[in-house]
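Asks: Work out the full structure: start from the sequences and follow the hints.
Chains as they are written, first to last, in our numbering: chain A, 1 to 452; chain B, 1 to 372.
Hints listed in this document are in silico derivations from the structure and should not be mistaken for laboratory results.
Any given hint might turn out to be false.
Here are the in silico distance ranges between beta carbons for each label pair [stated by the list, open to error]:
(1) B:Asn-10 / A:Ser-331: 15 to 21 Å
(2) B:Ser-173 / A:Pro-108: 38 to 44 Å
(3) B:Ser-163 / A:Glu-225: 53 to 59 Å
(4) A:Asn-194 / B:Asp-341: 52 to 58 Å
(5) B:Ala-326 / A:Met-131: 37 to 43 Å
(6) A:Arg-356 / B:Asp-341: 22 to 28 Å
Glycine included, C-beta positions come from ideal geometry on N, C-alpha and C.
The primary structure of each chain is shown beneath.
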Amino acid sequence: MSAPNSRRDDDETLLEVRDLCKYFDNDGGLFGGLTLDREFPFVERDPSNVRAVESVSFDIKKGETLGLVGESGCGKSTLARTVLRLLEPTSGSVYFKGEDLATISGEPLRQKRQDMQMIFQDPQSSLDPRMKVGPIVEEPMEAHGMLDEEGREARAKELLEKVGLDPQHYNRYPHAFSGGQRQRVNLARALSVNPDFIVCDEPVSALDVSIQAQVLNTMQELQDEFDLTYLFIAHDLSVIRHISDRVAVMYLGQMVELADKEELFENPQHPYTQALLDAIPVPDPRSDGRANLLTGDVPSPIDPPSGCRFKTRCPVLIQPDEFDMSDDEWSAVVEFQRAVKRREFETTDRREVRQRYFDSVPGGDAGTLVEDALSHISEGEWNEAETLLTTSFADASVCATEEPAYEVAPEHGDGRHYAACHRVRDAAVASGTAADLDAVGGGPVGEVGAND
Amino acid sequence: MSEPLLSVENLKTQFFTEDGTVRAVDGISFDVYEGEIVGLVGESGAGKSVATSSLLRLVDSPGEIVGGEITFKGETIFGLEEGTGGEPQPRDDMLSEEEMRKQIRGREIAIIFQDPMESLNPVFTVGGQLREFIEINRDLSEEEAKEEAIDMLREVGIPAPESRYDEYPHQFSGGMRQRVLIAMALACQPDLIIADEPTTALDVTVEGQILEMVRDLQEKYDTSFIWVTHDMSVVAEICDRVNVMYLGEIIEHAEVDDLFYETKHPYTQALLDSMPRPDKTVHELNPIKGVMPEAIDPPSGCRFHSRCPHAREVCREVHPEPRNLADEGDETHSAACVMYDAFEVGYEESRPIETDATGGFSAGLTETEESE
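Replies: Shown next, in the form of structure tokens:
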């Protein structure tokens with residue numbers, strides 16, 4: 001995986017992430033990754049990796065807020081930490097103001113940290129309970145040799161006021177503050193070294209709604225005043241919609257969609273984004289409630305599905321070319337295959353199973369395959385049935401064989417729209433790998449195109 | 001409507017600490033009828049969890065239920081009478097600790113907690129824990145209990161329950177663990193389940209699955225629920241009637257539709273206004289000013305007056321009890337706010353006062369250094 005040869009020297013772009021991967025060893029501990037075997041050499045070592053972040057590419061422009069959303073465990077926080085080089089990337093590059101953070105280390109990296117700060121989720125544990133608020137805010141300045149002692153105190157007081165606290169609170173300990181106020185102290189600390197870029201990792205999810213709104217408003221005011229750039233991570237789509245300019249959706253370590261906020265919320269192209277949006281509860285008892293809930297669990301990132309990672313839960317899997325079923329027949333087949341895989345039913349009675357999943361069994365090859373699988377089930381051979389169905393249907397789909405990466409024309413606004421779903425392939429204006437696609441940069445359509 | 005299943009009258013729970021008495025629950029009253037889901041909403045610190053623990057008499061020292069009456073299916077869970085020396089003492093018909101343990105908890109009233117990892121023992125298998133619970137509470141043999149446990153796991157949507165029966169809690173995802181707890185709560189077919197923020201720690205997609213399942217199971221078993229949450233969206237989705245708590249008191253009570261569309265209390269209104277909306281882009285949020293005061297020293301008069309945009313002098317002096325403000329013939333809709341004519345305390349003539357709603361952020365700072 002190599003960085004693109006020519007990067008846009010766009011002074012607007014603050015952060016450019018290309019093909020970033022972060023794997024974790026899964027063989028921790030003395031016996032980690034060891035399996036016992038009956039034959040020589042009796043013990044086998046099988047190191048496996050947790051592929052937490054895989055081939056993620058995106059840009060953040062100066063002064064914008066990029067929202068990053070996804071379910072827990074999808075790699076949002078790992079991505080954020082890797083971008084800040086708090087974790088060393090396995091491969092890929094992170095260009096911050098044109099310099100690749102992945103290749104520097106030691107003192108040059110420490111110097112860079114002055115421009116990049118982070119705010120954590122838990123306002124309680126990210127403040128030292130034995131330090132007063134003033135010194136907490138001053139510490140980053142001291143670490144970077146900013147100002148003298150008096151100057152730092154003056155700046156700390158000024159910042160406390162800016163984030164909506166009383167400068168008189170300089171001498172108080174964190175425990176005298178409420179959760180929302182502590183998060184404000186965190187904000188002041190992050191701002192103290194005058195950074196350009198702040199990564200906010202779920203900064204408001206531990207706060208009550210009323211306090212959440214206060215902190216979000218303050219964050220927006222500060223962004224305008226100090227010309228800040230945020231990477232804002234949240235799992236709450238309402239918060240993301242409120243604060244972001246552009247939104248990136250992650251699933252199982254990969255980015256599945258990236259577009260302007262209005263475009264993403266009003267014209268989502270990826271079925272996963274669609275499902276996430278459908279799942280948001282609306283605070284209105286007269287709304288229809290949530291529709292089309294996803295079934296199943298997120299697969300393990302140790303051995304993620306091939307092709308599109310969402311294919312095991314996708315409600316609109318694409319039919320392999322060799323079959324010619326109607327949409328209803330195809331979705332019945334997919335549902336049946338997943339049900340067998342999860343062992344969702346008990347009965348091995350052929351007729352009962354058939355009735356439960358198929359109004360009419362499809363004809364042709366597909367029908368024969370389904371009948372074969374039903375025979376296996378009535379014999380109690382679940383594994384055979386599962387393998388048959390998976391290889392002939394699910395794994396034959398283009399969703400399983402090719403990794404999707406497309407750019408589509410936006411309907412709202414003029415930002416670019418990246419969607420990693422094969423369903424948009426016909427409407428797509430560009431395809432390739434995410435790292436090559438300009439769409440991840442988000443500039444207006446047609447303005448940039450200097451990629452090779 | 002028939003007799004309520006659970007009836008709470010003027011319940012008061014206090015914590016006696018070195019700094020003084022914390023009035024965590026201060027005189028709340030509500031009913032739960034058969035087969036309905038009653039919401040209990042409020043911010044953290046409103047007293048929701050203390051209220052639900054009180055219902056099962058699970059409040060530990062230094063906390064104590066100091067007043068009120070809790071009746072469940074005709075039995076007195078808590079009740080006081082005046083003793084010989086004028087001191088209040090438990091009534092004779094109040095259930096003993098043993099009766100509570102054997103008859104009520106788990107069997108008649110089950111509870112589901114927020115954190116599923118902490119409610120399951122990590123060193124026992126999921127199936128074993130569920131089986132043990134059924135075995136003890138329903139006097140079944142081990143074999144029958146195991147069968148029942150597997151059935152319950154299937155009922156709450158756990159795939160391949162036979163093989164997952166022998167797995168440990170860490171092998172389950174968060175949503176799956178919460179399903180196990182729901183299975184455990186339902187296993188004895190209780191009449192009432194108290195759900196204390198059961199979906200707060202879950203992702204929206206999983207939360208949706210769980211709420212849908214709860215609704216189905218509720219229809220099937222006709223169980224009543226008390227649903228404790230801070231999330232108005234969950235309330236809108238699942239509750240039939242809602243009680244809104246603020247600083248130990250219920251300040252508004254209504255049918256769910258009335259609560260959202262005919263909001264009476266300024267606090268409820270402010271809560272609704274401060275939420276970002278998923279279905280439209282809002283440019284500036286309208287937060288509630290300040291923070292909730294400490295229950296150790298609540299504001300005089302109406303407890304919300306220090307943060308209320310409509311506060312007037314009378315709000316500082318008069319402490320309103322909830323009153324029914326609905327038109328005659330309509331469903332009860334009570335609120336505790338003197339703004340309404342029903343209270344007749346001269347709100348109109350009173351002078352507006354300066355509050356957090358007009359002051360700066362600093363006004364909400366917790367003044368007690370020893371507060372935590």
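Asks: Could you run down the list of hints and mark each one as holding or not?
Replies: Okay, the hints, checked on the actual structure:
no.	hint	result
1	B:Asn-10 / A:Ser-331: 15 to 21 Å	violated (56 Å)
2	B:Ser-173 / A:Pro-108: 38 to 44 Å	holds (41 Å)
3	B:Ser-163 / A:Glu-225: 53 to 59 Å	holds (57 Å)
4	A:Asn-194 / B:Asp-341: 52 to 58 Å	holds (55 Å)
5	B:Ala-326 / A:Met-131: 37 to 43 Å	violated (53 Å)
6	A:Arg-356 / B:Asp-341: 22 to 28 Å	violated (60 Å)
In the structure shown, a violation is registered for the earlier hints numbered 1, 5 and 6, in ascending order.
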